[in-house]
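*Asks:* Chains D and S supply the protein sequences, listed in that same order.
Under this note's numbering, the first sequence has 1087 at position 276, and the numbering climbs by one with no breaks.
Under this note's numbering, the second sequence has 1088 at position 277, and the numbering climbs by one with no breaks.
Since the hints were made in silico from the structure, they are not lab data.
Note that this is a predicted model, so its numbers are computed, not measured.
It is possible that some hints are incorrect.
Stated by the list, open to error - Beta-carbon label-pair distances, calculated as ranges:
| no. | chain 1 | residue 1 | chain 2 | residue 2 | range |
| --- | --- | --- | --- | --- | --- |
| 1 | D | 1086 | S | 1251 | 30 to 38 Å |
| 2 | S | 1241 | D | 1097 | 39 to 47 Å |
| 3 | S | 994 | D | 867 | 25 to 33 Å |
| 4 | S | 869 | D | 1040 | 22 to 30 Å |
| 5 | S | 994 | D | 1000 | 57 to 65 Å |
| 6 | S | 910 | D | 1086 | 57 to 65 Å |
| 7 | D | 821 | S | 1197 | 45 to 53 Å |
| 8 | S | 1241 | D | 924 | 32 to 40 Å |
| 9 | S | 959 | D | 865 | 28 to 36 Å |
| 10 | S | 922 | D | 1068 | 35 to 43 Å |
| 11 | D | 1094 | S | 1083 | 37 to 45 Å |
| 12 | S | 1155 | D | 1040 | 50 to 58 Å |
To be verified - If you only want the chain D side, here are some residues facing chain S, beta carbon under 10 Å, derived:
| no. | residue |
| --- | --- |
| 13 | 812 |
| 14 | 878 |
| 15 | 913 |
| 16 | 917 |
| 17 | 965 |
| 18 | 997 |
| 19 | 1026 |
| 20 | 1060 |
| 21 | 1236 |
| 22 | 1277 |
| 23 | 1284 |
All C-beta atoms in this analysis are idealised placements derived from N, C-alpha and C, irrespective of residue type, glycine included.
Protein chains: 2
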Amino acid sequence: MEHTRIKQLLIAEDFGQEVIVKGWVRTFRNNQFIAINDGSTLNNIQAVVDFENTDEQLLRRVTTGAAVRVKGELIQSLGKGQRVEIKVNELTILGDSDPEKYPLQPKKHSLEFLREIAHLRFRTGTFNAIFKVRNALAFAVHQFFNERDFVYMHTPIVTGSDAEGAGEMFRVTTIDFDNVPRNEDGTVNYKEDFFGKSTNLTVSGQLEGELAAMALGNIYTFGPTFRAENSNTTRHLAEFWMIEPEMAFYELEDNMDLAEELLKYVINYALKNCPDEIAFLSNRLVEEEKSKPQSERSEMNLVDKLQFVLTNDFERVTYTDAIEILKRSKPNQKKQFKYLIEEWGADLQSEHERYLVEKHFKKPVILTDYPREIKSFYMKQNEPDAQGRHTVRAMDILFPGIGEMVGGSQREENLEKLLARMAEVGIPEHEIDWFLDTRRFGSAPHSGFGVGFERLVLFTTGMSNIRDVIPFPRTPKNAEF
Amino acid sequence: MEHTRIKQLLIAEDFGQEVIVKGWVRTFRNNQFIAINDGSTLNNIQAVVDFENTDEQLLRRVTTGAAVRVKGELIQSLGKGQRVEIKVNELTILGDSDPEKYPLQPKKHSLEFLREIAHLRFRTGTFNAIFKVRNALAFAVHQFFNERDFVYMHTPIVTGSDAEGAGEMFRVTTIDFDNVPRNEDGTVNYKEDFFGKSTNLTVSGQLEGELAAMALGNIYTFGPTFRAENSNTTRHLAEFWMIEPEMAFYELEDNMDLAEELLKYVINYALKNCPDEIAFLSNRLVEEEKSKPQSERSEMNLVDKLQFVLTNDFERVTYTDAIEILKRSKPNQKKQFKYLIEEWGADLQSEHERYLVEKHFKKPVILTDYPREIKSFYMKQNEPDAQGRHTVRAMDILFPGIGEMVGGSQREENLEKLLARMAEVGIPEHEIDWFLDTRRFGSAPHSGFGVGFERLVLFTTGMSNIRDVIPFPRTPKNAEF
C-alpha cells in the first residue's frame, strides 16, 4: 500500500514527510487548492498545487468527483480550520469526472434528490457521517453482546412460519408464473416449489431465537427482516435490520435492564467514536430546521437528545397508569391529540408516546403490562386485575421524537396457557409445533426484545426519513440499485 | 438476576458461598448427581443432592432435559475432572421433560438424526461447541474490520440485479399465483408486483459494495446471500452468509494481504477464545474417523489444521504455473484425478486444489490470474500473455480439506474494457447502469473478495456437513423451523 489514509494524515505530527494520498476531488479553488476526500473521514485534506508549474491540461481535469493521486510534502497549514495540508509535487488523475455529467456538484443537494442517486450519495458529507454512525452502532451492538457472552445466531431469512402471527409477507419461490404446478383441487402445489412448501421472508427471528436461548442461554440475532406492507411513510421500510436478544431465565425486569443498558451502551459508543460525524449531523439538523416555524423545531439539538437518553434512568410505568396520565393530560382534555384516549385498551399512537416522554416524564419511558388483546400471542399472561382486565408482560421503550424504540416481553412459558391463547387468536398448533417443544421439554421463564436498527440509526443521526439511514432502501415500488 | 451462570461458577474460587444455578439436566446419576448445563459453557456443573432428605416425587422429575433451579453451597469437588460442585440445599423443577417423549437422551445421537431435530440440537455438547465457535468467528470478523476502520455496509437482500451475472435466483414477490397480472402481450406485469419490478434474493452484495467503497474507501458486508441451485451436497446451502470486503485503491497484492490477514486473525481469535470448544470438536473428529479406513482419515487433527493456516505464509502462484504443476503431478500422470488436467483453461476441481495445498506446497495457496473465460465479467483484465491467452486479476485462496475458502479479484476500473467484456458475456448495459457510474465518475483501482462464512465455520470446527454449522439449514425441499 503506497498511500496513507486521510484520517491518519489529518492527525499526523511529522511535518516535512513525503506522503501519497488517493481520493476524490470535492472542490478545486483558484486553480490551486484541491480538497480531497478518501472516505476515511468526513473531513478533506487540502492539497496545494503549484499551478504555474503544472500542465494546464492536467489542471483542467481536476474536477469535482475525479479520482486523484497526489504525492507531496505534508506541511502545517496556514489556512483557517485545518492543521495540515499537502504541498503537491506530483499530481495524477486516476479517473476523470465530466463536470457536465457528474450529478454531485459542490452545492447543497436536497435529500430527495440524493435518494434518487443513492449509489452516489455516499460521496457527500452527510451520508459519509450517517454511514459511519450506522457502522459504529452496529459494531457496538456486537461488542455489547460479546462482552456479556451472548451467542450471535443467524436465524433463517427464508421461513415457512410467520413469527408474529401477523404482518404481510413476501413470498420466496422458484415457481414460474407461466407454469404454476397445481394439485387436483386446483390449488397451487407447493411441493413442487424449491423448498417443497410455501415459503416467505422472515418477519422476525424471535421464535428461532427462543429455540436457541432455551439451550445456549443468552443469544441475539442481528439480521434483515421484511414486511410487505404498502406503507409509504418516513418510518417504514420493506427490508430492515433487527436486533433480537433472547434470554433464558430472564424475567421482565431483567429484560428491561438489559434493553436500557444496550441502548445507552451503543449510543454512548457512537458519541465517543463518531464525535465529528455527530457534530456535523447536529449542525445539519439545526440548519434544516431554520426553514421551519419555531413551533416545529426540535426542543433539543441532536447531542442534547442523545445525552437525554444517556443521563436519565428510563421511567418504568404500566400501561394502565399511562392511560390514566394520558386521559387527564392537557392535549387529551383540549382535544389536541389526533386520537383521543377515552378508555383502557386503546392502542397508543406516536403522539401519546411522545407526550409521555417529552412532556410528562421528560425521560425515556418503558411501558409495561399492556392489554393482552393488542399484543402478540407468545407474551406471558398476567393474572387478570381487580376489574378482570387481561394484560401481558410486555414492555415497549419510548424515545423522544421517535416513539417506540424497543418492543419486548417475558414469554409465556406455560404450555397450556400458550395453547389457549393460540386457539383464541387462531394459530394452529401444528404450524409451530417445533416452537412448542421449548414449552414441552424443560420450559423455563425467558424473555427477549427487538430493536429496529434503522430506528436506532435514525435517532442517533437526527435524520427524519428512514430511507436516508440505510444504504439502498426498499419501499413499495422501489428496489433500485 | 438471582442466578449465576455456570461458566462463571466453574472458575470461581470462593468456595463456601451460596449460589443459585438455573439450567437443564444433562444426566442424573445414582439419585444423587445432577449434571446441569445452562448453555453458557460446554461444560456442566455437578449438583449433589442429599437424596435421603429429598422428596422422592421431586427426584423422579429430575430427568434429562428438565429445567431446574438449584440453590446450594459451592464446594471443591472430590470427583474426577471437575474443580467445583454444588451441595444442593434447594431443588426446584422449572419445567419437566417427559423421558418417554424427549428425543435427546444421554447417549450418542447421529448427526443425521440431530439435523431432523435441529430445534433441539443446540442442547448437545457438539452443537453448543459449533455455535460458540461460529459466534467467535463472526465477532472476530467485525472486530478485524473495525480495527482497520472499514465501514460495515448492509447491502440489500431484495434486489433487481444479479451481481454475478450468473446463478439461479429466488423470486421475491407478493403476486398471487391465482391472479397473475398480465401485460397485453401476455407476459407477467411486474409493475403490479410489490416493488414495481421483478425482484430476487441477492446472490452477492459486491456490486453495491463497490458503490460504497468508491466513496467511503474501505467497506465490508456480512449478510445472507442465496442460491436457488438444486445441489444436495454437503457443501451447498440455498441460504448462507457471506463476508465481502471492497477496498478503493487496493490492487491485487493488497487484496491478498488483507484476505490472508483476515483468515489468520479470525481463526486465531477462535482458537484463543474457544479452546474448550475446539478441543472438544477435535476429539469428536478423531472419534468419528475411527470408523473410517486409515487412508480416509485426516492427516492432521483439527488443531494442527488450524495451526497449519496460522503458521504458514500462504503460497502465491499463478493459475498458469499451477496448471503446469498439476499436469506433471503423480495423480494426473497416474490418472488418479477424477478430472485429468490436460490443458490451460481447465477449471480446477476440489481434488486439484487440495493436491496443491496438501501435497505439493503443504501450505495454504493463493492462485492468481485465472483464465478470463472461467471468471466473472467485472475482474480486471491482464494484457494477453505471449501465447495470446487472456487472464484476469483474480485470486482464490485454497485451504486443506476444503478447497476454495476465498474468491476475489482486482476489479476492472476501465469503463471501455468493462463494457466490452459485458457485451461478450451478454450483460446489457442498462441493467447495471448505476454500477457503471463508478467507472464514469472518478474511477480508480479497487479490489475485493468474498468469504463464505459457513465454509469458514466448517473449516474451523472440523465438521464435514455444512448443514451442521448453520442453525437452520435451507436446502432443496427443506425449510423446516
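*Asks:* Please verify that hint: residue 1236 of chain D, Cβ, nearest Cβ of chain S, below 10 Å or not.
*Replies:* violated (21 Å)
*Asks:* Per the CB criterion, is residue 965 of chain D less than 10 Å away from chain S?
*Replies:* Holds: closest Cβ of chain S sits about 6 Å from residue 965 of chain D, inside 10 Å.
*Asks:* Confirm or reject the claim that residue 869 of chain S and residue 1040 of chain D have a C-beta distance inside 22 to 30 Å.
*Replies:* At 50 Å between Cβs, range violated.
*Asks:* Is the shortest C-beta separation between residue 917 of chain D and chain S less than 10 Å?
*Replies:* violated (14 Å)
*Asks:* Between residue 994 of chain S and residue 867 of chain D, does the C-beta distance stay in 25 to 33 Å?
*Replies:* Hint violated: Cβ distance 55 Å, outside 25 to 33 Å.
*Asks:* Is the distance from the Cβ of residue 821 of chain D to the Cβ of residue 1197 of chain S consistent with 45 to 53 Å?
*Replies:* About 47 Å separates the Cβ atoms of residue 821 of chain D and residue 1197 of chain S, which means 45 to 53 Å holds.
*Asks:* Is it true that residue 922 of chain S and residue 1068 of chain D lie within 35 to 43 Å of each other by Cβ?
*Replies:* Holds - the Cβ-Cβ distance for residue 922 of chain S and residue 1068 of chain D, about 38 Å, lies within 35 to 43 Å.
*Asks:* When you take the CB atoms of residue 1241 of chain S and residue 1097 of chain D, is the distance between them in 39 to 47 Å?
*Replies:* For residue 1097 of chain D against residue 1241 of chain S, whose Cβ atoms are near 41 Å apart, the range 39 to 47 Å holds.
*Asks:* With chain S as the partner, please determine if residue 1277 of chain D meets the hint condition of a C-beta pair closer than 10 Å.
*Replies:* violated (13 Å)
*Asks:* So, as I understand it, the hint says residue 913 of chain D touches chain S; can you test that by seeing if any CB pair is closer than 10 Å?
*Replies:* The hint holds - residue 913 of chain D has a Cβ within 10 Å of chain S, the shortest such distance being about 5 Å.
*Asks:* With chain S as the partner, please determine if residue 997 of chain D meets the hint condition of a C-beta pair closer than 10 Å.
*Replies:* holds (9 Å)
*Asks:* Once the shortest beta carbon distance from residue 812 of chain D to chain S is found, is it less than 10 Å?
*Replies:* holds (5 Å)
Hint violations for this structure: numbers 3, 4, 5, 8, 16, 21, 22, all remaining hints satisfied.
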